[in-house]
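Undergrad: Please put together the full structure from these sequences, using the hints given.
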Amino acid sequence: MHARRRLADPIVHGPLAAVAIGVAGAVLGVASYETYLLSLALLYGIAAIGLNVPAGLFGQLSLGQGAAFAVGAYTSAILTTTLDAPVVIGLAAALVVGTAAGAVMGLPAGRLGVIGLAMVSLGLTFVVQDAARGLDITGGVGGVLGIRAPLVWGMDDAGAGELFFATLALALVVYLGASALRLSHFGRAALAIKADELGAAALGIAVYPAKVAGFALGTGVGALGGAMFSYLSTAITPDFFDVHLSVLFLIMVVLGGPGTRSGPVLGAAIVGILPILLSGHPALSSYIYGGLIIVAIRVLPRGIVSRTSVPVPDRLLPTPPPADTAAPAEDPQRPTAPADTGAQLDARGLRRSFGGVVALDDVDVTLRGGQVLGVIGPPGSGKTTLVNVLSGYYPPEAGEVRIDGTPVAVGDPVALATEGVSRTFQVPKVFGDLSVDEHLALARRGATGPPAHRERFEGLAMTFLRDTGLLDQRRATVRTLAHGTRRCLEGGMAVLRAPRLLLLDEPAAGLSAEDMALLGQLITRVAAEGVPVVLVEHHLELVHDVCDTVAVMNLGAILWSGPPAELQDSPEVREAYLA
Numbered sequence: 000m001h002a003r004r005r006l007a008d009p010i011v012h013g014p015l016a017a018v019a020i021g022v023a024g025a026v027l028g029v030a031s032y033e034t035y036l037l038s039l040a041l042l043y044g045i046a047a048i049g050l051n052v053p054a055g056l057f058g059q060l061s062l063g064q065g066a067a068f069a070v071g072a073y074t075s076a077i078l079t080t081t082l083d084a085p086v087v088i089g090l091a092a093a094l095v096v097g098t099a100a101g102a103v104m105g106l107p108a109g110r111l112g113v114i115g116l117a118m119v120s121l122g123l124t125f126v127v128q129d130a131a132r133g134l135d136i137t138g139g140v141g142g143v144l145g146i147r148a149p150l151v152w153g154m155d156d157a158g159a160g161e162l163f164f165a166t167l168a169l170a171l172v173v174y175l176g177a178s179a180l181r182l183s184h185f186g187r188a189a190l191a192i193k194a195d196e197l198g199a200a201a202l203g204i205a206v207y208p209a210k211v212a213g214f215a216l217g218t219g220v221g222a223l224g225g226a227m228f229s230y231l232s233t234a235i236t237p238d239f240f241d242v243h244l245s246v247l248f249l250i251m252v253v254l255g256g257p258g259t260r261s262g263p264v265l266g267a268a269i270v271g272i273l274p275i276l277l278s279g280h281p282a283l284s285s286y287i288y289g290g291l292i293i294v295a296i297r298v299l300p301r302g303i304v305s306r307t308s309v310p311v312p313d314r315l316l317p318t319p320p321p322a323d324t325a326a327p328a329e330d331p332q333r334p335t336a337p338a339d340t341g342a343q344l345d346a347r348g349l350r351r352s353f354g355g356v357v358a359l360d361d362v363d364v365t366l367r368g369g370q371v372l373g374v375i376g377p378p379g380s381g382k383t384t385l386v387n388v389l390s391g392y393y394p395p396e397a398g399e400v401r402i403d404g405t406p407v408a409v410g411d412p413v414a415l416a417t418e419g420v421s422r423t424f425q426v427p428k429v430f431g432d433l434s435v436d437e438h439l440a441l442a443r444r445g446a447t448g449p450p451a452h453r454e455r456f457e458g459l460a461m462t463f464l465r466d467t468g469l470l471d472q473r474r475a476t477v478r479t480l481a482h483g484t485r486r487c488l489e490g491g492m493a494v495l496r497a498p499r500l501l502l503l504d505e506p507a508a509g510l511s512a513e514d515m516a517l518l519g520q521l522i523t524r525v526a527a528e529g530v531p532v533v534l535v536e537h538h539l540e541l542v543h544d545v546c547d548t549v550a551v552m553n554l555g556a557i558l559w560s561g562p563p564a565e566l567q568d569s570p571e572v573r574e575a576y577l578a
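Under numbering that gives the first Met the number 0, the first residue of the sequence shown carries the number 0, and numbering increases by one thereafter.
Honestly, I wouldn't trust all of these hints.
Derived Cβ-Cβ restraints for the label pairs, each shown as a range [said to hold, decoys possible]: (1) LEU150 with ASP313: 40 to 46 Å; (2) GLY410 with GLY112: 17 to 23 Å; (3) THR318 with THR233: 53 to 59 Å; (4) GLN567 with THR318: 22 to 28 Å; (5) GLN567 with PRO300: 48 to 54 Å; (6) GLU513 with PRO378: 37 to 43 Å; (7) LEU197 with ALA451: 30 to 36 Å.
Bear in mind the hints are in silico, worked out from the structure with no lab data behind them. Every residue, glycine too, gets a C-beta built ideally from N, C-alpha and C.
TA: Have a look at this one:
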């Protein structure tokens with residue numbers, strides 16, 4: 000088992016695969032047509048790895064990777080034919096130009112939906128192809144011929160063997176780099192954005208800049224593959240870089256497994272080897288590619304490689320509580336309001352409407368540090384809208400929000416998350432392609448406050464996750480977890496971020512009685528740290544147990560506010576909610 004895990008590590012199997020490919024190329028003959036096709040498959044693999052960043056990690060449907068391939072090919076070809084620039088300079092220039100082009104295109108594309116981005120990227124393919132046909136520097140319709148491949152300034156061109164092994168080395172570097180990217184915070188954040196942008200923003204992840212960066216990086220890597228292609232081919236023409244090439248790259252990613260580390264490489268290997276196997280029957284290629292798409296959609300919707308979660312280094316994870324440490328016993332009575340030891344929430348005159356419907360109508364919320372406010376009311380009364388305004392997802396039309404007396408950036412959930420506002424959602428915003436450990440790493444990275452403060456909340460969160468059984472499933476991919484388990488994970492993550500303000504939107508929905516009791520203990524302990532807590536909840540027993548004050552909302556306004564013990568004595572409340 001240990002040996003199998005080691006073999007699954009890209010730093011192990013990557014070099015082993017490179018050695019096997021190198022031996023195969025040497026056996027076939029480095030100057031043979033078969034080895035050229037093998038080199039072409041490696042270059043396709045580089046382009047597919049690049050496309051996997053925006054398409055696989057971020058979920059952006061890009062049909063412009065063929066254009067990126069062309070940009071890199073023409074950049075290196077022009078440099079070597081006009082300046083005798085060596086291969087290394089051509090590759091570096093292609094990477095820079097491709098990344099810059101991707102960033103420019105990604106600026107508007109990052110704001111578009113899946114279909115909009117697909118159309119923009121597809122348009123780029125036609126633009127690049129038309130530019131290659133019409134510009135003198137690209138050789139027009141005839142393309143660029145006589146492309147040289149000197150390894151350093153003034154040297155003769157590299158031979159077929161040198162170019163083959165240079166291509167193999169480049170593919171290995173790109174593969175290991177992409178694997179490292181997936182293991183990084185950027186890779187985890189990308190898959191979080193792909194799964195749920197609202198949930199990613201709640202963790203302080205800047206969604207739009209990350210999407211632009213991912214698109215730029217993927218385009219740059221695609222251009223890198225195109226640059227090496229120009230050296231191998233010695234001549235390039237615009238007809239090679241048509242829309243079919245972009246579709247081919249997308250097939251590689253989808254077939255292999257989008258968002259995985261090895262899937263795009265496997266897809267490129269299959270699609271790249273097909274021309275060798277079908278060299279005597281070229282008319283079958285289109286049918287084979289069409290069949291692969293059908294298989295990918297019907298039989299393997301997640302690709303040949305489907306596991307997207309990856310291990311997380313222990314240094315990035317919160318420390319689990321000792322296994323023999325029991326949670327402190329809880330007083331069965333609702334605790335009295337703790338002393339004001341932390342942040343204060345002061346929201347005044349909040350108003351928010353949707354069309355002609357007033358969801359919040361001059362709502363005031365004031366909490367001192369350590370108080371728990373329960374917000375209840377019938378469906379549509381404005382409870383979730385209040386949470387969305389306080390967390391920045393809805394900018395209020397009137398009013399302001401202050402924490403510790405300082406106005407906060409209303410309408411900016413990422414800014415509020417980085418300032419210490421932490422929340423959960425009605426439907427848990429967790430990310431199906433990530434493991435439990437990866438969720439904890441994301442939440443821990445977004446923790447605020449001094450180290451001692453973060454450590455206390457880390458202990459609270461990890462004790463809760465241990466008691467609910469989640470720490471026994473740390474390597475599990477979250478899509479395999481039950482609804483209640485996902486909700487417990489989201490609650491633990493919200494506390495792990497060491498919040499200054501905690502907003503909980505129906506956190507007990509779907510929980511068992513045991514998990515609900517543990518949630519109540521967690522809320523009480525968070526409040527004891529001086530954190531104001533707003534709890535939107537339909538389980539009145541939980542509201543009674545943990546809240547200091549209850550606010551009843553109806554038609555966007557606060558109908559009644561007071562201690563939980565007096566809730567059922569109000570005739571207005573009984574008429575609007577309890578009856």
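Undergrad: Now tell me if each hint is right for this structure.
TA: For each hint, the structure was consulted:
no.: 1; hint: LEU150 with ASP313: 40 to 46 Å; result: 42 Å, holds
no.: 2; hint: GLY410 with GLY112: 17 to 23 Å; result: 21 Å, holds
no.: 3; hint: THR318 with THR233: 53 to 59 Å; result: 58 Å, holds
no.: 4; hint: GLN567 with THR318: 22 to 28 Å; result: 43 Å, violated
no.: 5; hint: GLN567 with PRO300: 48 to 54 Å; result: 51 Å, holds
no.: 6; hint: GLU513 with PRO378: 37 to 43 Å; result: 27 Å, violated
no.: 7; hint: LEU197 with ALA451: 30 to 36 Å; result: 31 Å, holds
Hint check: violations occur at hints 4 and 6; the rest are consistent with the structure.
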